[in-house]
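Construct the complete structure from the given sequences, taking the supplied hints into account.
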Amino acid sequence: MKSLQDHLSNFINCNELADVKFLIGKKKKEMYGHQLILSINSEMWKSMFYTMKWSEMDNKKIAVVKVPEQDPKIFAKFLQYCYTGSVKLTTESILPLYKLSDKYMMEDLKELCVHFLESSIIKNKCFQFYEKILEMNDQNLLEWIMTVIKKNSRYFFSPKGAFYGVKFQTLKRLLKNPNYDCHEIKLFQRIEEIKLKFAEKCKLLKLLHFDLIGSKGIKKIKKTELGVFWIKREKRKREKQLEIQKKILKKKILCLKNTKLYSMFTKSLRFRKATHEEKCRSTKAPLRADQVRVLIMTTTTYPKYLNDIMESITSQGILRKNVSALNVNLKTVTLNDLRIYDSIFVFSYKPLKKAKYYGNLLANFVKLGKGIVICASDCLREKHERSLQGEITSLEYLSFQQGKLIHQKQASLGKVHHPDHPIMKGVESFDGGSDSFRINTKLISPEATVIAEWSDGIPLIALKKNQIENDLQGNVIVLNIWPVSDSVRNNKTFWLQNTDGKKIISNSILYSVNF
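Residue numbers for the sequence shown follow our numbering, so the first one is 83 and each next one is one higher.
Taking lysine-lysine and the PhoX-like style, the derived pairs with C-alpha atoms no more than 25 Å apart in a straight line are: (1) 192 / 232; (2) 524 / 547; (3) 258 / 403; (4) 314 / 403; (5) 507 / 547; (6) 288 / 319; (7) 585 / 574; (8) 298 / 436; (9) 304 / 277; (10) 328 / 403; (11) 268 / 305; (12) 302 / 319; (13) 254 / 319; (14) 413 / 465; (15) 497 / 574; (16) 435 / 486; (17) 322 / 403; (18) 432 / 302; (19) 547 / 438; (20) 181 / 214; (21) 181 / 148; (22) 497 / 486; (23) 507 / 497; (24) 232 / 574; (25) 386 / 403; (26) 314 / 288; (27) 403 / 232; (28) 233 / 258; (29) 128 / 111; (30) 302 / 279.
FRET-style restraints, in silico, Cβ to Cβ: (31) 432 / 219: 41 to 47 Å; (32) 214 / 538: 48 to 54 Å; (33) 193 / 433: 47 to 53 Å; (34) 524 / 246: 55 to 61 Å.
I should point out that these hints are in silico values taken from the structure, not numbers from a laboratory.
Since the structure is predicted, the reported quantities are computational estimates derived from the model, not experimental observations.
For each residue, glycine too, the CB sits at the ideal point set by N, CA and C.
See the structure below:
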């Protein structure tokens, strides 16, 4: 026995009993439909037929609908779904059908298209779909495909030829997004293999983060012409930045000669030579947020974590181009290497090889009158391989001593001792997630300031101002948190991104440089 759908399929594009005529495409191909069946599928059709003018055809009234922009083959598939509730989807027809379902408000067909599109993206070339969706200019579908790409970025960016056939402008827009869980080396390899002009490839390289490549990555890209060009350009860029910074410092030092502070500097030179940066900071001229240079000092180059932390740091006006990342297990740095930075953000993810060396180095950085923000969850764990050692761990610099790690006990923002403090600007809530990583300590340095506590009374944000002998002040802020948000995971174990963790991190960086 035939079903109702089988009977209705006989009336698809059938002139018999038809009361709707469609003129499809530029050639106005005639196709037929029935108002009752179409109106059942969509309220849009129903309202259209109520207000539509009638034409006479074969001694009966008929509504004429013009669809000049549509392919007749696609529209035939659309009618098939309207009459039978099913249709065979293909990679060629999926996006035009989605556009039709959106136009005529057919949510069932729209949802079917999205499910098919998701499976097709995994099986076929994702970025070609992305390009077509860009041409459609459908914002909802564009947001959806970007979410899919972010979640599966390693899968999409890893295979050879992933970018084949994709236009330069499409790649440029795609690579502007910073939240891919994919190493920069993979992105470099995909750019290198595509058939684009060398100049266009060089423009795409500007959208990658050279600082995240690491020493091993630099060795790999040195073997290619494009890689050699990239390394040279980054070197010239840094040299230019240093030259600009030196010129600015010279101007500020000249201004000092007309102030009482100049005599203080000449006295301090008897004991040791003051740096340009120290002279500049002694003027106490406040930096603008977009001038602050920040170094993320860590033991990992895991892109997903670093990108999330960079987003937090830059949420309050700090420029992303002024934020660099350094894996201290791959490269040993000296105090001279750190002088170009105003603040250092310290967090640990893997064992720290030279814990004592970097503890002493950070203490010397503070003596220059600069700022440090330390995430205590791993850096200050008691007798742990990830923790800092050396001079920086003394109460002369830190707000509290090292302690044991607490996690798997959800906690949130508790008592705020200084609600008007700049670090708390715009902060209304904070939730550490189901793990809420933090150090269990209440031993506070007498000169330290606890700005806020966790809901269980453990210090959340603490500050220690260190007065240096030549009237410089170095701030050490301890954030008793794990700095990565739950945006990199779906299980809400890290701090919840709908709370104000980004503001806490960015405000702390700015306050560390007396902003």
